[in-house]
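**Student:** Protein sequence lines correspond, in order, to chains H and D.
First residue of the first sequence: 25, per our numbering; consecutive thereafter.
First residue of the second sequence: 223, per our numbering; consecutive thereafter.
Each hint should be verified, as a subset may be incorrect.
To be verified - Sample of chain D residues at the chain H side, in silico, Cβ under 10 Å:
hint : residue
1    : T232
2    : F235
3    : L238
4    : R287
5    : E296
6    : L302
7    : L304
8    : N320
9    : L322
10   : S329
11   : T339
12   : L343
What the hints contain is simulated information worked out from the structure, not anything from laboratory work.
Each residue gets a CB set at the ideal place from its N, CA and C atoms; glycine is no exception.
In case you want the letters, here they are:
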Amino acid sequence: MARAQWWRPSPGTIVAALEVLLLSVFALLPLALQHFWVIFVTRVLILALLALSFDLVWGFAGIMSFGQALFFGAAGYVVALLARDAGVTSVFVVLPAALAVGLALAFLVASFLLLGRNPPSLTFVALGTLTGSYAGDRLARGWYYLGGQNGIPSIPPMTAGPVQITEGVAYYYLALAFLIAVYAACRFLVGSQFGLALAGIRINEARMAFFGYHVQLLKAVVFSVAGAVAGIAGGLYAFHEGFVWPNMLGVILSTQIVLYTLFGGVGTLIGAVIGVIAIEIVSFVLADAYPTVWPVILGVLLLVIILFRPSGLISLFVPRRTRVGVFGLTARRPRRIPGEVDGAA
Amino acid sequence: MALLEAAAVTKAFGQLTALSSVDFVVEEGQLHGLIGPNGSGKSTLLKCIAGAELPSGGRIHFRGRDITQATPAERARAGLSLKFQVTSVFPELSVYDNVLLALQARSPLTALTFSRTRADLHGRVMEILGELRLLDRAAATAAVLSHGEQQWLEIAMALASRPQLLLLDEPTGGMSLEERRATGELLVPLRQSCSIVIVEHDLDFIREICDVLTVLDQGRVLETGTVEQIQRSRKVQEVYLTRV
């Protein structure tokens, strides 16, 4: 019996193993891939950052955002303008700028949607963020300075001192480094006492107010942090692709981000990454094999997965929805303090 | 000065008047029972005090401060704590985390982000779990607790922030006789640290632990007094006891 249990790892161990596996594969992949595929996987890494931003707000704080593309696209446009009009391409300027744009814009949106006296409904926030994304898209399409429908093409390459970071292996590792750093930061955040407060808000927001929590402020903070993550992704994406266009801000991408996360598994962080990998690979294969009808096949496939695996692909590996946030006794044991009652579980 | 003073509190839901000019006072260290037939307005009064409902009229002062329009969070930070009638524990979280969640509510954002108060609060979490006889259930998920244990966990969460006034809405609802007796034993020592208002249907339970009783009927205060005074009250006997 004990032997059988020894062979059955806990869901947390499985998630950690998946993280190590994916990290190892991503670290070694450029050694085995051709240039085209390195570019493809770099795009996947950047979109994984974007999916993490959505998982943070929906999977952990229960805020339904259909507007993550707004922060992604706005940051992309700002760094594109910096490069085009000011000649600023330094990685040490453009990516912090992208982060700051995502953070500031998300805080602005949160101020309108979340920081009123009365707690907003889930639908209100979902529609509010959707409207923001749509408005951003329309604004970019109609503003000549932003390139209108065509966006801003031919963004000069990102630089680090005299070195240009062009698409390929160097950019791949830059994107991977950001993904690892952001993933680790998200993991730290959701496993902290702040993460416990987010879990409380997700489960029963009204009850949290009766404890004395500034519920809406906490939600605005996590929403802004997620906006910053989307901003970094937007900055990376703009320089990687070499151009920005209105779709980067719009509702189609915003919805796609939701699908990535639902497909992979909400509230697990790793599920969002898996969702992006799976959808992007399947999309590519289907588009290659069925150039006309591939979106329909992909849509049906997504529906089937969500119907039969509502917890996403992550549920193939862990038996129930497992979150990486562990708190209290299940987190690292707090140090013993004087007067502690003995007999704790 | 009384700890809590509710003066002429009125609460109407459309055409229905749930509370009509209710005066209610709780002194420091008091164990105050709130009783009355179903629909008499007990839970509504408790909700108005805790901020779950805003009164249509009247004023509520807590420690001399007007909290009539304050949000539930502001009232909680002022020292009020509510245990809901329907258990509202966090079922996906462990018993330990439920209490930690309640306890860390006043920690600043940076402390929460870097888990700076986790170790400091650990002792208090274990102390509360010990007081509420939940120590051996600390690692269990709240969803698997029995109904009585969930009620105790609710009380533990309400107590976590060391409130000045604890509002308990039917703390023994759905409990067995043994669990009711144990709950009474748990509540009486708490008066050393805070005042308590209890809404309860079980008159034997209320009689045993409360100093003062307020009887509500049809949204009005029928009588306030010691347990003996209430037991002797003809008005209460006529109106309340015949309807329960």
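**Student:** All hints are to be evaluated individually against the structure, with a verdict given for each.
**Tutor:** Going down the list of hints, with the structure as the test:
Hint on T232(D) is violated. Least Cβ distance to chain H is approximately 22 Å, over the 10 Å limit. Hint status for F235(D): violated, given a least beta-carbon distance of 18 Å to chain H, over 10 Å. Given hint, L238(D) at the interface with chain H, is violated; its Cβ is 23 Å from that chain's nearest Cβ, farther than 10 Å. Taking 10 Å as the C-beta cut-off, the interface hint given for R287(D) is violated, the closest approach to chain H being about 15 Å.
Checking E296(D) against chain H by beta carbon gives a least distance of about 8 Å; that is within 10 Å, so the hint holds. The beta carbon of L302(D) comes within 9 Å of a beta carbon in chain H, closer than 10 Å, and the hint placing it at the interface holds. Taken as an interface hint, L304(D) checks out: its beta carbon lies about 6 Å from the nearest beta carbon of chain H, inside 10 Å. With its C-beta approaching chain H no nearer than about 9 Å, N320(D) sits inside the 10 Å limit, and its interface hint holds.
The closest approach between the C-beta of L322(D) and any C-beta of chain H is roughly 5 Å, which is under the 10 Å cut-off, so the hint is satisfied. A distance limit of 10 Å between C-beta atoms decides the matter here; for S329(D) the minimum to chain H is near 7 Å, and the interface restraint holds. The closest approach between the C-beta of T339(D) and any C-beta of chain H is roughly 7 Å, which is under the 10 Å cut-off, so the hint is satisfied. Given the 10 Å rule on beta carbons, the hint for L343(D) holds: about 8 Å separates it from the nearest Cβ of chain H.
Going down the numbered hints, you'll see the structure goes against 1, 2, 3 and 4, while the others check out.
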